[in-house]
Amino acid sequence: MRTMVLWCPDWSVTAGLLELADEQGDSPVTVAAPAVVLANNKVVVCNTAARSEGVRRGQRRRDAQARCPEVVLLSANPARDARWFEPVLSAVEEVRPGVAPLRPGMLAVPAPGRYFARAGLSGEEAAAAVLAEHLVGAGVWDCRFGSADDLYTAERAARLATAQACTVVPVGGSALFLRGLPVTVLADDGPEGAELADLLRRLGLVLLGDFAALSGASVSNRFGSYGMDVWRRVHGEEVSRLASRTPPPELACEISFEPPLESAEAVTFSVRTTAERFIAGLADRQLVATGVRVEAEFEDIGHGGGVSARTWLHPRCFTSRDLVDRVHWQLQAGMATSGLRSRKTTGERIDAPVTLVRFLPDTVEPAGDHADGLWGGGADDQVVRGVARVQAVVGYDAVRVPVRQGGRSAADRQTLVPWGERPVGLRPVDRPWPGQIPGPAPSRVFAEGREAEVVDEAGVAVAITARGVVTGAPWRFRVGQRWQPVGSWAGPWPVDESWWLGAGAGGRSARFQVVGVDGRAWLLRWTSPGSWAAEAAYD
Amino acid sequence: MPEPADPRAVLDQLRGRIQALQGGPTRMLVPTLPMFEPLVQLRTGGVYAVDSSSLGMGLAAGASRSGEWVGFAGWDDFGVEAAHQWGIDLSRTVLVPAPGEHWLEVTAALVDVLKVVVLRPPGPVDAKSASIIDARLRARSGVLVVQGEWPRCELRLTAEQTTWSGIGDGRGRLRERQVAMVARGSGGAPRRAVVVL
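In order, the protein sequence lines correspond to chains A and S.
Those letters in the first sequence? Residues 323 to 861, by the working numbering.
Those letters in the second sequence? Residues 605 to 801, by the working numbering.
These aren't lab readings, by the way, just hints derived from the structure by calculation.
Be careful, since some hints might not be right.
[To be verified] Computed beta-carbon distance windows for the label pairs:
(1) G772(S) to P745(A): 37 to 43 Å
(2) G671(S) to K364(A): 54 to 60 Å
(3) A714(A) to S735(S): 22 to 28 Å
Positions of the beta carbon are idealized from the N, C-alpha and C atoms, including for glycine.
Construct all of the structure, not just a fragment, from the sequences and the given hints.
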């Protein structure tokens, strides 16, 4: 089975322009205009019109605008590219079924086995012409075709074709065709390819044919697995046929509701079997999920439908029961009509009925790694169930697991992770953290500093000079309303941090341990220019 | 000898006698840190009142060190590092920082499954709510440590005097605290001891 690849060059630009034209409603004017797609103020993709003005990939935005002032600037948006490629896929599908999208702007179809040849045209060229005609009718003007025995060669061939034309690599001629190409074509394969192309060029190997002349053993030694792949391709040994590809196992599961369901509870009840099917599907392949993306689609009522999507991580692995809980929490957070209250609303509030719930495996791991020990193990099931009951009462993120992390202030040195989630992005504990207070840790750490005041014997507020010296010995202090004399005190531990974040974010501060005459000890913090707060208490 | 003037104490004493006659559930020992030995030995089904956060952590630490699950409810200012220094296993700790109005349900659900629950009630606790929790505790063989007031508790630990060492006038740092504690039970003489917290 031969493969035909359809390539739309500079697809991100085309997609961006199509969207722009769609928004503005003047399609003939803008689609041919010079345009670039920018990411981080650098040109990522530019179209032919822009290229002819001297705009190149990798240029800064300013340079591109200097060369071509009327250039249309588009932001990089992979979702937009994929969205606008969808009509192209369906247009091709109308003519030739079995479409495999490779990436936005490129798709593969099995080339027609028998097709009538016209005068001067081979069967495949004629087939490509029919597809091209169909696509131009659908509004995609720049489409190029290549057909060959295998996918990789067909892709290369498509890149050599002119607009709406087809490059046909004869049967068995893949290796010969690839050997004639310059090594720079590898740069299209991504950073790995660009690196290899650069290396080969510096080694004096201009054509892929020169590369093919090297011995397989030396290529394997010197250029790694990617180099070996290329070498095998130019020898015609790597035959990745489209039709011979086994599709990846479909692990995602979904359930749609007709009519749409209004309450989170009803949805939760209905997704149970789907969750079980999802877990069973993974289990059939000896897998368990430790991260699952739950997507819920909402009905379009007036102001447009919506999708609530969230990736949930599990400290161990998901069971169907856990999944059902996650669906409940996610909908609870989003739905206004929910009977149960929640403390945190994530994302926009969606008050439309749910039409579909989908589970997508995000991280899967071998089931053997997560199996229970023979005598039980892991989290105590009873505790897990009990905590689930608490979560049902106060919301899922009201139950926390305390976790230590590194930091200078008492509040920085800890974090509370919602029960059932994995802590991510923790600061390491085992670093020195200069400026932290040594000794026994305070048993009460306030999330927000409490109002406090410290004065010296003359009744003047105590402050710290720029050199970290106390202006007067603390004599009396208050946390809250009640003043009391200072029994003993220690400090200051000066810290100068986060000043780079701008005004109000940080700056000079100093910490004190202050013990009142009643024996209670506090961790007080002075912040420049002169405010005191109680950060923690040694209660 | 309990004070005969307090009718509640008399009632408690009578209840205790009735329970002993009925052969109530055996009250198992819950691991307690050795430093609290002269003051208190936790037993399942009991409610213990304390007056400081450190003491609450300290009472939970014994059970946590021996592999039990512990929970803290109503602690919106939980000092994680202090808990770690007490030897509490944080991976077997459940924290409900702000149960709010649902504190009773939350506590009841937690004492169902955890060995020691340390509760900081949001306000005064009425006898009815307390009796609900008491019944749960007896059925589930857990321990409740309350930081604050509780209508009928087995033992109340109070700090009488706190002395910090290692800190002076602008010198040193907090190193150690010696607390003179007194444990008052519903029967028997108060026990006193000095512990290092």
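Next item on the list: Tell me, in ascending order, the numbers of any earlier hints that this structure violates.
Entry: Of the numbered hints, all hold.
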